[in-house]
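Participant: Each chain is listed here by its residues.
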Amino acid sequence: MKTELTITTDPIDEAALAKRRVMDNGMGAVVCFLGVVRGNEGNETIAAIEYEAFEPMARRQFEFLFDALGQRWPVEAVRVVHRIGTVPVNEPSLWVEVIAPHRAEAFDACQFLIDEMKQKVPIWKKPIPI
Amino acid sequence: MKTELTITTDPIDEAALAKRRVMDNGMGAVVCFLGVVRGNEGNETIAAIEYEAFEPMARRQFEFLFDALGQRWPVEAVRVVHRIGTVPVNEPSLWVEVIAPHRAEAFDACQFLIDEMKQKVPIWKKPIPI
Amino acid sequence: MVSSEQMTITVKFWSYFRDYAGCPEAAIEIDNGATLAKFHEIVCDQFPKLADAKNSTLKAVGLEYEDDGFVLSDGDEVSFFPPVQGG
Amino acid sequence: MVSSEQMTITVKFWSYFRDYAGCPEAAIEIDNGATLAKFHEIVCDQFPKLADAKNSTLKAVGLEYEDDGFVLSDGDEVSFFPPVQGG
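Here the protein sequences come in this chain order: A, B, C and D.
Residue 5 is where the first sequence starts when you use the working numbering, and the numbers rise one by one after that.
Residue 5 is where the second sequence starts when you use the working numbering, and the numbers rise one by one after that.
Residue 167 is where the third sequence starts when you use the working numbering, and the numbers rise one by one after that.
Residue 167 is where the fourth sequence starts when you use the working numbering, and the numbers rise one by one after that.
Since the hints were made in silico from the structure, they are not lab data.
Virtual Cβ for every residue (Gly too), placed ideally from N, Cα, C.
Where hints are given, some of them may not hold.
[Claimed, not checked] In the EDC-like style, the derived pairs of lysine to aspartate or glutamate whose C-alpha atoms are separated by at most 16 Å in a straight line are:
no., chain 1, residue 1, chain 2, residue 2
1, A, Lys124, D, Asp233
2, C, Lys178, B, Glu56
3, B, Lys23, A, Glu95
4, D, Lys178, A, Glu56
5, B, Lys124, C, Glu230
6, B, Lys130, B, Glu45
7, A, Lys130, D, Asp185
8, A, Lys130, A, Glu54
9, C, Lys204, C, Asp242
[Claimed, not checked] Where chain A lies over chain B, by a calculated footprint (3+ residues, C-beta under 8 Å):
no., segment
10, 22-28
11, 39-48
12, 111-123
[Claimed, not checked] Pulled from the structure, derived: some chain D residues nowhere near chain A, Cβ distances all over 12 Å:
no., residue
13, Gly188
14, Glu207
15, Leu216
Can you build the whole structure from these sequences, using the hints too?
Facilitator: Have a look at this one:
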């Protein structure tokens, strides 16, 4: 399984990511997820979220998740971009892409990765008030 | 709920679709699905799939599905592009995007739409041998 | 000529049903008040290859699916087609 | 100076645990063979605000999560942090 992980303070460039996609002829499904910073956190209106990562451990934990995913589903490729630092409201902090032969496994694997990431990968957020 | 349906013989331009996305500050999740033509259909190696639509009925049936989706989930926007005519192997025939406040509802609504589409929307495919 | 007890229904065939029928559409005369089920039988009599796929045939009137019990009206446009396969 | 019965463990605090501790990391001396649970207790004694969050603390040694029973070695780098919130 091909994997690609980017942890960066740069904005996520969806169009560039889409253009760089390479997939085998046997693959029929691509599922992409974008997590976008919402303008409110609880009851508070915010301007941005500041993401902090313990980056070497985040990378290790993502590797474990990629391994678990690859053992469970016949996925060809997973790409993850997590933006850190200050991410303004209405901009994406997370982009995940899963490529698989069929739709059901692509959806399942993508959701698994995000669910597990939210339990395991050491990244934290701090709302920045307006 | 905003909806946009395109049925076209043109290639699907993901980058352009991403750039045209407009979403409210309250939205936190975007799920995109690409259905891509695989190089084999059953045991046969193919060059392309030819999609045929009964287009006015396809549009009506998509409207019904959009209504059902909007009643069930707090989705802000759904966009669907279905390419028809000859779609070569490794190119997408379907692009679906769902924008919602939270991840779970975006995934559920996107999968619902595709599942229902495959039962109801009058589009058929014919494999084109190599 | 259509008698006053008969109506004309257009039927369209989609996907490989067009090949089975040998034509994309046909105008069929049928008794007033006929149901979609009755119409389907008559079409299958006229296009025998469609009879083989009768149980998997999807039926629409205009742009919507209708049940066998649907009562047709003069001028209705019926569509018969195999299971859909979009995506 | 560390006696031969003691080892030095570095602990890093992440997210608001850094504010609770008042520093990003500390070097702590502890008896050889101490478990992660014992180390956690000692850190909570030294940084009392961390004791309030003790039950929700996630604990890693190096780059991996470890259980309370994990036996520490001299030079280990421990991280304590609140529940993660990526995405």
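Participant: If a hint holds in the structure, say so; if it does not, say that too.
Facilitator: Outcome of the hint check:
The suggested pairing of A:Lys124 with D:Asp233 holds, with an alpha-carbon distance near 14 Å, which does not exceed 16 Å. Under the criterion of a C-alpha separation no larger than 16 Å, the hint pairing C:Lys178 with B:Glu56 is consistent with the structure, at around 14 Å. Distance hint between B:Lys23 and A:Glu95 is fulfilled; the C-alpha atoms sit about 13 Å from each other, no more than 16 Å. Between D:Lys178 and A:Glu56 the CA atoms are separated by roughly 14 Å; this keeps the pair inside 16 Å, and the hint holds.
Taking the CA atoms of B:Lys124 and C:Glu230, the gap is near 10 Å; set against the 16 Å cutoff, the hint holds. The suggested pairing of B:Lys130 with B:Glu45 holds, with an alpha-carbon distance near 10 Å, which does not exceed 16 Å. This hinted pair checks out: A:Lys130 and D:Asp185 have alpha carbons roughly 13 Å apart, not beyond 16 Å. Restraint check: the Cα-Cα separation between A:Lys130 and A:Glu54 comes to about 5 Å, which is no more than 16 Å; the hinted pair holds.
About 14 Å separates the Cα atoms of C:Lys204 and C:Asp242, which keeps this hinted pair within 16 Å; it holds. Taking a C-beta to C-beta cut-off of 8 Å, the segment 22-28 of chain B contributes 3 residues in contact with chain A, enough for the three needed, and the coverage statement holds. Proximity of the segment 39-48 of chain B to chain A, defined as three or more residues with a beta carbon under 8 Å from a beta carbon of that chain, is established by the 6 residues found. As drawn, the segment 111-123 of chain B meets chain A at 4 residues by the rule of a beta-carbon pair under 8 Å; at three or more, the given contact holds.
Every CB of chain A is more than 12 Å from the CB of D:Gly188 (nearest about 17 Å), matching its label as outside the interface. No Cβ of chain A approaches the Cβ of D:Glu207 within 12 Å, the least distance being about 22 Å, so the stated non-interface status holds. The claim that D:Leu216 is not at the interface with chain A holds, since no C-beta of that chain comes within 12 Å of its own (minimum 15 Å).
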